[in-house]
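Visitor: Heads up: the protein sequence lines correspond to chains A, B, C and D, in order.
For the first sequence, this note's numbering begins at -5 and goes up steadily by one.
For the second sequence, this note's numbering begins at -5 and goes up steadily by one.
For the third sequence, this note's numbering begins at 46 and goes up steadily by one.
For the fourth sequence, this note's numbering begins at 46 and goes up steadily by one.
A couple of the hints might just be wrong.
Said to hold, decoys possible - Quick list of in silico lysine to aspartate or glutamate cross-link-like pairs, DMTMM-like style, CA-CA up to 25 Å:
{"hint": "1", "chain 1": "A", "residue 1": "Lys129", "chain 2": "B", "residue 2": "Glu84"}
{"hint": "2", "chain 1": "B", "residue 1": "Lys154", "chain 2": "C", "residue 2": "Asp171"}
{"hint": "3", "chain 1": "B", "residue 1": "Lys129", "chain 2": "D", "residue 2": "Glu243"}
{"hint": "4", "chain 1": "D", "residue 1": "Lys334", "chain 2": "A", "residue 2": "Asp69"}
{"hint": "5", "chain 1": "A", "residue 1": "Lys129", "chain 2": "C", "residue 2": "Glu141"}
{"hint": "6", "chain 1": "B", "residue 1": "Lys125", "chain 2": "A", "residue 2": "Glu13"}
{"hint": "7", "chain 1": "C", "residue 1": "Lys334", "chain 2": "B", "residue 2": "Glu84"}
{"hint": "8", "chain 1": "C", "residue 1": "Lys177", "chain 2": "D", "residue 2": "Glu179"}
{"hint": "9", "chain 1": "A", "residue 1": "Lys129", "chain 2": "D", "residue 2": "Glu179"}
{"hint": "10", "chain 1": "A", "residue 1": "Lys125", "chain 2": "B", "residue 2": "Asp69"}
{"hint": "11", "chain 1": "B", "residue 1": "Lys125", "chain 2": "A", "residue 2": "Glu211"}
{"hint": "12", "chain 1": "B", "residue 1": "Lys77", "chain 2": "C", "residue 2": "Glu141"}
{"hint": "13", "chain 1": "D", "residue 1": "Lys334", "chain 2": "A", "residue 2": "Glu13"}
{"hint": "14", "chain 1": "A", "residue 1": "Lys125", "chain 2": "B", "residue 2": "Glu84"}
{"hint": "15", "chain 1": "B", "residue 1": "Lys129", "chain 2": "C", "residue 2": "Glu246"}
{"hint": "16", "chain 1": "A", "residue 1": "Lys129", "chain 2": "D", "residue 2": "Glu141"}
{"hint": "17", "chain 1": "B", "residue 1": "Lys129", "chain 2": "A", "residue 2": "Glu84"}
{"hint": "18", "chain 1": "A", "residue 1": "Lys77", "chain 2": "D", "residue 2": "Glu243"}
{"hint": "19", "chain 1": "A", "residue 1": "Lys129", "chain 2": "B", "residue 2": "Asp69"}
{"hint": "20", "chain 1": "C", "residue 1": "Lys334", "chain 2": "B", "residue 2": "Glu211"}
{"hint": "21", "chain 1": "B", "residue 1": "Lys203", "chain 2": "A", "residue 2": "Asp69"}
{"hint": "22", "chain 1": "B", "residue 1": "Lys129", "chain 2": "A", "residue 2": "Glu13"}
{"hint": "23", "chain 1": "C", "residue 1": "Lys113", "chain 2": "C", "residue 2": "Asp171"}
{"hint": "24", "chain 1": "D", "residue 1": "Lys142", "chain 2": "C", "residue 2": "Asp171"}
{"hint": "25", "chain 1": "A", "residue 1": "Lys203", "chain 2": "B", "residue 2": "Asp69"}
{"hint": "26", "chain 1": "D", "residue 1": "Lys177", "chain 2": "C", "residue 2": "Asp167"}
{"hint": "27", "chain 1": "B", "residue 1": "Lys77", "chain 2": "C", "residue 2": "Glu246"}
{"hint": "28", "chain 1": "B", "residue 1": "Lys129", "chain 2": "C", "residue 2": "Glu141"}
{"hint": "29", "chain 1": "C", "residue 1": "Lys272", "chain 2": "C", "residue 2": "Glu246"}
{"hint": "30", "chain 1": "B", "residue 1": "Lys125", "chain 2": "A", "residue 2": "Glu116"}
{"hint": "31", "chain 1": "C", "residue 1": "Lys142", "chain 2": "D", "residue 2": "Glu141"}
{"hint": "32", "chain 1": "A", "residue 1": "Lys182", "chain 2": "A", "residue 2": "Asp167"}
Since the hints were made in silico from the structure, they are not lab data.
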Amino acid sequence: MNDVVQFESVGLRYGMGPEVLQDVTFALDSGSFHFLVGASGAGKSSLLRLMYLAQRPTRGYISLFGRDVSTTPRDDLPALRRKIGVVFQEFRLLAHMSAFDNVALPLRVANVRESEIKRHVEELLVWVGLKDHMKARPSTLSGGQQQRVAIARAVIARPKLLLADEPTGNVDDHIAQRLMHLFDELNKLGTSIVIATHNEAMVRRSGRKVLKLAGGELRVLDNVADDDSDEFASVFAGDRGRILL
Amino acid sequence: MNDVVQFESVGLRYGMGPEVLQDVTFALDSGSFHFLVGASGAGKSSLLRLMYLAQRPTRGYISLFGRDVSTTPRDDLPALRRKIGVVFQEFRLLAHMSAFDNVALPLRVANVRESEIKRHVEELLVWVGLKDHMKARPSTLSGGQQQRVAIARAVIARPKLLLADEPTGNVDDHIAQRLMHLFDELNKLGTSIVIATHNEAMVRRSGRKVLKLAGGELRVLDNVADDDSDEFASVFAGDRGRILL
Amino acid sequence: MKFRFAGPELPFARDDTTRFLPWLMAFMVFLAALSVAGFFVLGDAARAIDRGIENTVTIQLPAGDNVKADEDRIAGALTMLRAMPGVASAEALNREKIVQLLEPWLGAAARSTEIPLPWVIDVRVDRANAPKAEAIAALLQPYIPGVMVDDHGVWLQALLRAVRSSEWIAIIVVLLNGLAAAATVVFVTRAGMGLHRETIEVMHFVGAHDTYIARQFALRASLLGLKGSVIGVVLAAPALMLLVLLMGNLGFGLLPEIRLGVGTWISIAGLVPVAAAIALVTAHTTVLKSLGRMI
Amino acid sequence: MKFRFAGPELPFARDDTTRFLPWLMAFMVFLAALSVAGFFVLGDAARAIDRGIENTVTIQLPAGDNVKADEDRIAGALTMLRAMPGVASAEALNREKIVQLLEPWLGAAARSTEIPLPWVIDVRVDRANAPKAEAIAALLQPYIPGVMVDDHGVWLQALLRAVRSSEWIAIIVVLLNGLAAAATVVFVTRAGMGLHRETIEVMHFVGAHDTYIARQFALRASLLGLKGSVIGVVLAAPALMLLVLLMGNLGFGLLPEIRLGVGTWISIAGLVPVAAAIALVTAHTTVLKSLGRMI
Ligand SMILES: Nc1ncnc2c1ncn2[C@@H]1O[C@H](COP(=O)(O)OP(=O)(O)OP(=O)(O)O)[C@@H](O)[C@H]1O
Ligand SMILES: Nc1ncnc2c1ncn2[C@@H]1O[C@H](COP(=O)(O)OP(=O)(O)OP(=O)(O)O)[C@@H](O)[C@H]1O
Ligand SMILES: [Mg+2]
Ligand SMILES: [Mg+2]
């Protein structure tokens, strides 16, 4: 079994609310690349949270790298998490640390040698265009700069699975394309990638596979264009149809 | 003098760094509508911060509603701030308060009657599609939902000046259009509006005036299309040309 | 809506920091209450000792073979003493009083008629020109051999000095606790402002006045101070009663019985509003001062 | 890079909360040090009193008209006493010693030859079958009228009880301070975890083990505890010396002179590592327990 992520009849409900995710079943091969789309509030971030172990499902079965998540003892979770890189929708940079230290964090936690850390982190920060901001605290960076630090932190340890939540919401199309290129490179090295996004143009342009969330259900499409036209409109429709001008 | 905002030779420098803004001079009429564009790190958020009094300029003269900001006594600042609505790039919702209470904040601070607050806030939250999430804490809202709460808070008190920093970065095109409609309505009621954005399509579609930041300098264009073609590319170009694929 | 009067904007309820404040306050008020009680008790003691010094002289005469003869000698001694300049009055203690005085030393034997008890004369003297103990002894010695005169002087002087310095210590402890309480409120308020910096900034941006924010901190601090000081006083009351009980029999007849009067209890209860006021004023000033430095 | 050994991830340096910990620690170690010193001093006192009880009996005899006759009577009394069952030894105090004993009561008059001083006999008794004071008095009374026998019993027993309960109070205060210190560390650690929740979550997401995080908290807490307890001990030392100075002359000859021995100082210094260890272990356990509840 070569599946990096496997969901079977997974359901998620917050507190007493409605089920945000219903019977979600899918599997991601190693080396796959998917966009995750759906209206605002459709459950994209929730699905990603399940994958990076920030949330336990209300029901169903989740396995990561062939391990049943629910039976994995607490002590083994860090090893699992080190194989997963995450770009959070709200960045989650550590405010008291420089851009460099933020990006270095996953390596430090894994006890990588300081000299090696320096080389890798600097190279990556230059690549995302933050050469002049390595020592800057997140609060002194612009929104787009922070987002790039967050992306660098997610990819620095060459994860087997990269989960990115709206990673290009604060940058312009040029930088977005460059970041997509970074993800492509990583993907070519074998990393499975899932990117949640509202950026319709980016999805269309890439021609990648799409995970579509609507009404709590997940459908896997080989391409946005595969969607039958009726439904297609709703891929990027407002909050479950409630918002119409 | 009917200028809502007036900048004269304003310069801004953080600490010992380079000047992020150089000799910025412009004025905004009441009832005007501008997009603020520029590469990531060009200084859009910084310019907005100067306008909503979160930052003092290193040099130059700023007046808001005809009052020189630098000589306004501390006790008069709240009155000034109540005329300005701000959508922060990072939302800045209060984590311990419900969506309703977050939006109600500007009215509560101004001692508006609770019954009136209820009516206005509920109406607005329904409008932005958060009917079912009024009592939800920000942490239980999706990224796009949070962004809409932030926008609702900025407009609830019908400010004379609305400053929005990337207000549609986390929502899909449908919702983005609806939010633009909201801004238009407000503008028609006489509010001056400045929206910083990377969303090229939105700027083009609207045909509104554009404030363009590049190399620390500000240029006012009647329309994106007015930009001479060479420079035009750079309006949405990467971080001062450093990032090129 | 609940707690609306304090403004719901600052989420103090979730601060671990402010959970401290009542307990620290309770602790400091507890110590202050003990010190206040100590101050009053020591004051009583000092007054009693002061009254004793040079005001009274105790004369002890050995018992002779014959009670009648003894009584005559004592009557003579009393006459001589009353004639002495500086002596206000002189009285022989009756038998029962003497037995009481000796009981802790001799036990039941004090009541046994087999032991001839000594006789005791209490002399009150004028503070102004009190005769020296030696002068009294010299006067009586030829007439009553074996007489012992005790003006408590040296010993009581030392005790009085000790009591007086303890009184000062009590006052200083109360003041130090007040200072410590204020410092604690400053720290907790600053910590709270750090914790809620984001909230405070947003409140500024939506047009809140500094006082609007300071009021919330001040009200919260004074409520916590109130709670803490009530706890402190409530804990101090039984502790004090226990201490009085434990130390009540340590006076050894030298010091007055330890008692906590109404004045003491009122002063202790007065610590509650004082603590709350300190918290209120300190928090308000701290916030306004810190906000003044923000943009 | 600085402070790298503690891991730079958790920004403790900016917590107002943790600034408290050393001072609270200092305060508690200060109190504990005072209590420890009190415990040792009270122990000394108790031993001295205990030695005194029933071991010695003091007999006072009034002076007669004739020194020679007195000395004869005393020699007789000594013979009788030494023959008594349960009496180990009996010695008359020499003149000089008696003068010294009376000096604080009579002042210079004690040295005056005009006042006939009483005679004093010190009797050491077997603790096992010591004769009662009344029995001795009854034995001597017919032979020496006016004799006074004092076995210090009742009085010293009461004093001993008071000292022993004070010793318990000292022990309880030390233990309470230990508990309070642990509770404070729990509170501060919890507050710290609340404050740094975001950081902790991110550290989890990038694959940090619970112990990696707990270690940082524990090390920080023990450093702060160390700092605080050193401050506490450093402040306690002069305070104790001052107290000894102030109270040294309050023994009134009854209690041994108050002294702080090497053992006392070592025990007080021992509070430093104990406080640091409490902080270390408490913080580590608290963090691991809290983290266990996080996802
Ligand atoms: N912790 C939570 N508690 C309760 N409800 C939550 C929580 N997190 C999310 N929700 C709700 O679950 C739904 C899905 O949220 P989610 O963040 O997964 O949406 P999303 O697809 O990422 O949206 P967006 O594109 O706006 O980021 C929303 O209605 C949201 O209000
Ligand atoms: N508080 C600060 N201290 C120091 N430097 C700062 C601070 N805030 C911003 N900067 C720097 O100023 C420059 C402009 O930042 P600003 O946030 O204004 O950019 P922006 O145009 O909003 O970018 P984006 O589109 O990425 O949000 C950036 O290089 C940033 O690193
Ligand atoms: Mg989301
Ligand atoms: Mg910005």
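Visitor: Please name the hints from earlier in the document that this structure breaks, with their numbers sorted from lowest to highest.
Guide: 2, 5, 7, 8, 9, 10, 12, 13, 16, 19, 20, 21, 23, 24, 25, 26, 28, 29, 30 and 31
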